[in-house]
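Novice: Dock chain D against chain W, hints included.
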Amino acid sequence: ETGVTQTPRHLVMGMTNKKSLKCEQHLGHNAMYWYKQSAKKPLELMFVYNFKEQTENNSVPSRFSPECPNSSHLFLHLHTLQPEDSALYLCASSQEGGGPSTDTQYFGPGTRLTVL
Amino acid sequence: AQTVTQSQPEMSVQEAETVTLSCTYDTSESDYYLFWYKQPPSRQMILVIRQEAYKQQNATENRFSVNFQKAAKSFSLKISDSQLGDAAMYFCAYRSDGGATNKLIFGTGTLLAVQP
Chain W
1 ETGVTQTPRH LVMGMTNKKS LKCEQHLGHN AMYWYKQSAK KPLELMFVYN
51 FKEQTENNSV PSRFSPECPN SSHLFLHLHT LQPEDSALYL CASSQEGGGP
101 STDTQYFGPG TRLTVL
Chain D
117 AQTVTQSQPE MSVQEAETVT LSCTYDTSES DYYLFWYKQP PSRQMILVIR
167 QEAYKQQNAT ENRFSVNFQK AAKSFSLKIS DSQLGDAAMY FCAYRSDGGA
217 TNKLIFGTGT LLAVQP
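Chains as they are written, first to last, in this note's numbering: chain W, 1 to 116; chain D, 117 to 232.
If we strip away everything but chain W, and leave its shape as in the complex, we get:
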C-alpha cells in the first residue's frame, strides 16, 4: 500500500528534543488527518485539514504542532513531549465533497513514537 506514506516509521526522542513526522498522500485527495493510536484505546483524531486549512483541532496540547503546506503533505512537529505521548501516530487522507469513494479515509503505515 503506497497511497499514503509516513516517515519515519520509528522514532525515539527525549523530552527536550524537537522532531517532525511527515505524511505524504499520492491519491489526489483534498483532506488530511492526524490520529493517535494508544494501546487499549480507540483511535483519537488530533487534527483535520481540508484544502490545506485546519478545520479541526481535537483539544490537542500545543506541544503538537501540525503543518499542511499543500494538499499532498502534512507534518506533525513535536517538542517537549511527555512519556505518555508515546504511541502510534497515523496519517490519513480522503476526498471530500463528491466523487467516487468520497469521504473514505485511507491510512498510512504510521510512525511508532517512543518518548524517553
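Simulated from the structure, these hints should not be mistaken for laboratory data.
Keep in mind that a hint or two might mislead.
[To be verified] Derived Cβ-Cβ restraints for the label pairs, each shown as a range: (1) Lys-40(W) - Ala-132(D): 26 to 34 Å; (2) Ser-128(D) - Glu-67(W): 41 to 49 Å; (3) Lys-40(W) - Phe-180(D): 22 to 30 Å; (4) Met-127(D) - Glu-56(W): 29 to 37 Å.
[Said to hold, decoys possible] No farther apart than 27 Å at their CA atoms in a straight line, the calculated lysine-lysine pairs in the BS3-like style are these: (5) Lys-171(D) - Lys-40(W); (6) Lys-52(W) - Lys-18(W); (7) Lys-36(W) - Lys-219(D); (8) Lys-19(W) - Lys-40(W); (9) Lys-52(W) - Lys-219(D).
Positions of the beta carbon are idealized from the N, C-alpha and C atoms, including for glycine.
Specialist: The following block gives chain D in isolation, referenced to the frame of chain W:
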C-alpha cells in the same frame, strides 16, 4: 455525541470457517457512513468495507459482508472462508454524512486470530 462499541475484544476462528464481528453504534443522525477497517500486525490500516446508511442493501466485498440493521444500530462484519491473512485487529468506524466534520469515530477494535 456519536459512539461506537465493539463488545468482543478478541475472537478466534478456524481456517476456512466463518466468523462474525459485532459492532453497535449510537447516533441521532439519519444519514451517515459505517466502515470496517483491518489493521494487521504490520500496522497499515486497510479499508475492508463501507456502508452508506441510506442503502438498505448490505455491502459485500468478496469474502467480507456486513449485516446492517439501521433500526437496531448494528453493523456486524462477516468473514467467510477465513484465511490466515485475515488475522488482524478489526475496527468499526462511524462518520456523519455531510455537515461540518470529516471526523471518523472508531470502536476499540476486535483482535481476530485465525487458527490453522
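Novice: Hint by hint, note whether the structure agrees.
Specialist: So, going through the hints one by one against the coordinates:
1. About 31 Å separates the C-beta atoms of Lys-40(W) and Ala-132(D), a value consistent with the hinted range of 26 to 34 Å.
2. Checking the proposed 41 to 49 Å range against Ser-128(D) and Glu-67(W) shows it holds: the Cβ atoms sit about 43 Å from each other.
3. As the Cβ distance of Lys-40(W) to Phe-180(D) is approximately 25 Å, the hint placing it in 22 to 30 Å holds.
4. Between Met-127(D) and Glu-56(W) the Cβ separation comes to about 33 Å, which falls inside the hinted range of 29 to 37 Å.
5. Distance check on the hinted pair: Lys-171(D) and Lys-40(W) sit about 32 Å apart at the alpha-carbon level, beyond 27 Å; violated.
6. Of the pairs offered as hints, the one joining Lys-52(W) and Lys-18(W) holds, with about 23 Å between alpha carbons and a cut-off of 27 Å not exceeded.
7. Among the hinted pairs, Lys-36(W) with Lys-219(D) is consistent with the structure: their alpha-carbon atoms are about 14 Å apart, no more than 27 Å.
8. Proximity of Lys-19(W) to Lys-40(W) is assessed by CA-CA distance (about 26 Å); at most 27 Å being required, the pair is judged to hold.
9. Distance check on the hinted pair: Lys-52(W) and Lys-219(D) sit about 16 Å apart at the alpha-carbon level, within 27 Å; holds.
In summary, the structure is inconsistent with hint 5 from the numbered list given earlier, while agreeing with all the others.
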